[in-house]
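A.B. asks: These protein sequence lines are chains A and B, in that order.
Each residue of the first sequence is one higher than the last, beginning at 1 in our numbering.
Each residue of the second sequence is one higher than the last, beginning at 1 in our numbering.
Mixed in with the good hints, there may be bad ones.
[Claimed, not checked] Computed footprint of chain A on chain B; a stretch qualifies when at least three of its residues, placed anywhere within it, have a C-beta under 8 Å from a C-beta of chain A: (1) 35-49; (2) 68-78.
[Unchecked claim] With a straight-line Cα cutoff of 16 Å, these simulated EDC-like cross-link-like pairs (lysine to aspartate or glutamate) come out: (3) K213(A) - D193(A); (4) K15(A) - D18(B); (5) K15(A) - D241(B).
Hints in this document: simulated from the structure, not taken from any laboratory.
Bear in mind that the values here come from a model prediction, so they are computed numbers and not experimental data.
Every residue gets a Cβ at the ideal spot worked out from N, C-alpha and C, and that includes glycine.
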Amino acid sequence: MARTNRTPGAESAGKYRRNLFSWVMLTPGLIFLGAFLAVPFLLLFVISFRDVDNWMNMLPTYSLNQYLEVFTSRFYLHMIWTTLWVAVATTVICIALAYPAAYLLVRAPNRTVRTALYVILVSPLLTSVVIRTFAWIVLLAQNGLVNEVLMKLALISEPLRLLWNLGAVIIAYVQVMLPFAVLPIATSMGEIDPRLRQASMSLGAGRLRTFWKVTLPLTIPGMMSGAIIVFSLAAGSYITPLLVGGRLQPLLPLAIYQQVLQVANLPLGAAMSITLLILVGVLVAGMGLILRRWEGRMHG
Amino acid sequence: MDDREMTGASARRRRRFDGWTLLVWIAGGAVYLFLVVPVLVIILSAFSPNPYPEFPPTEFSLRWFREVFQSEPWMRAIGFSLWLMVIVTALTVALGTTAAYGISRLEFRGKQALLSFMLSPLMIPQVVMGIALLYLFTAMGIIRTMAGLVIGHILVSFPYVIRTVGVSLSNLDPKLERASMSLGAGPVQTFFRITLPLIRPGIVAGGVFSAVTSFGEVSISLFVVSPSNMTVPVRIFNYIDQTFDPSVNAISVLFIAVAVLALIIIERTIGLTKVM
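The following block holds chain A by itself, in its conformation from the complex:
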């Protein structure tokens, strides 16, 4: 056997068998994703061009009416704008908070501290988003902890209305998504050669200047990959806004949820979904492009 393997014919036969086996292994996963990821999105795309009658029944005709409604009504344009604005605000705050957090993780004085910080960062990712959001209701409600502590300290006399606004949505989003920003930034920070910083400092640059000129540029890849995840999650979630912001917040994912499950205008819901998908896709692709350009500059 071992000898025959060395002849060219047997060699390519062996390679053929290996490749065949690899394709056989890959096929079930591909069929699954094709049937339950590609097909549903095609279906969604097709439905978004359908018309409805006054009772929300789908008509057999196709048109651009649903998209016209989304892109010409001030209501939906405002909603698209708010969705993007909330997602961008969440991303920027997450990145800003992620830097000191990543620094602590990379510079933890010993293994125990580092493990503890890791547990704090990763355990929320393994806990359901309803539970993480629920915690914010307990904290921010009228009779919640924040109001109670502020009242006890006599800083306020009436409980503040902390829930049911976009501020609460952004706070909860930041807490839910922060680990996604910290982990990649910490990874890039850990990869920086400490001699680069030493060199910068020994040449007379201060800490702040060293951060701007050395650490920040070298952590841009981690920062961008964190930003991509946080942005796409913040633009596409409806659970957190629904629970801490309320049903009436002008956010696209919330409106899609209600359009489909309550109004039952399926084509309009589909058109809004495709709009959201394309918006997130274009912005994420743009951020990905910046990421690759920057990586090219760093290594090239």
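With chain A held as given, fit chain B onto it using these hints.
C.D. replies: Chain B alone, transformed into the frame defined by chain A:
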């Protein structure tokens, strides 16, 4: 910036810039506090006898845990969620491991694009995935069935298995598989005798990710779940959305315990830093 890096010459600078380091440490500490406080609040509330949270806590009680364990609907939801988790984990691990192996051993044009497609459920807005599946399942007639729920959960867990098994496969020494083949073993035998045992850490970590993802999934479940067979997170969602029930605190503590357990398993098998 690390103290150990500082040597005689820069000792002066160290004194001069200690303020900045202190500031960064305080800021970082505040961020971790911000991350951990909501979790602590839930734990405190769960062990308090009062329906509303108070700080500092005055009494300790297991009242809300008892209420959960004595509530038939909650226990049914927990049972259903666990059952679903087992099915989803087994199927996702099988589908994900084979797919990760296949794609790692093949070279073809568009491989990167295919890999991105396989990981895309992590990035696609979940509300969009939820309604896409709602339409598909309605057309297929499996809306509000267990099958629909299983499919939805596999879809969101799949990328994690691809990632963890992918990490294990890329750490594998290709010489071992080549040696097995040159000794006469076919690809199937080599996979089961050599590859599979060696990538077990990645498979276990992927299984843990699938399990916690399925157990906590709500965004897609809400669109396809049946009102008579609810998962725990969907039930929690309905509860918070309509009323305030302190037993949700106790349930949440159970979830957090599961998360910490999962964390330990992942750390022991493949290492947290590799997969996150």
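A.B. asks: Does each hint fit the structure? Answer for all of them.
C.D. replies: Hint by hint, here is what the structure shows:
Restraint check on the region 35-49 of chain B versus chain A: 8 residues with Cβ-Cβ distances below 8 Å, three needed, restraint holds. Residue count for the region 68-78 of chain B with a Cβ under 8 Å from a Cβ of chain A: 0. That is fewer than the three needed, and the coverage hint is violated. Our distance criterion of 16 Å between C-alpha atoms is met by K213(A) and D193(A), whose separation comes to about 14 Å. For the hint linking K15(A) to D18(B), the alpha-carbon distance of about 61 Å lies beyond 16 Å, and the restraint is violated.
A C-alpha spacing of about 57 Å is found between K15(A) and D241(B), which places the hinted pair above 16 Å, so the restraint is violated.
Going down the numbered hints, you'll see the structure goes against 2, 4 and 5, while the others check out.
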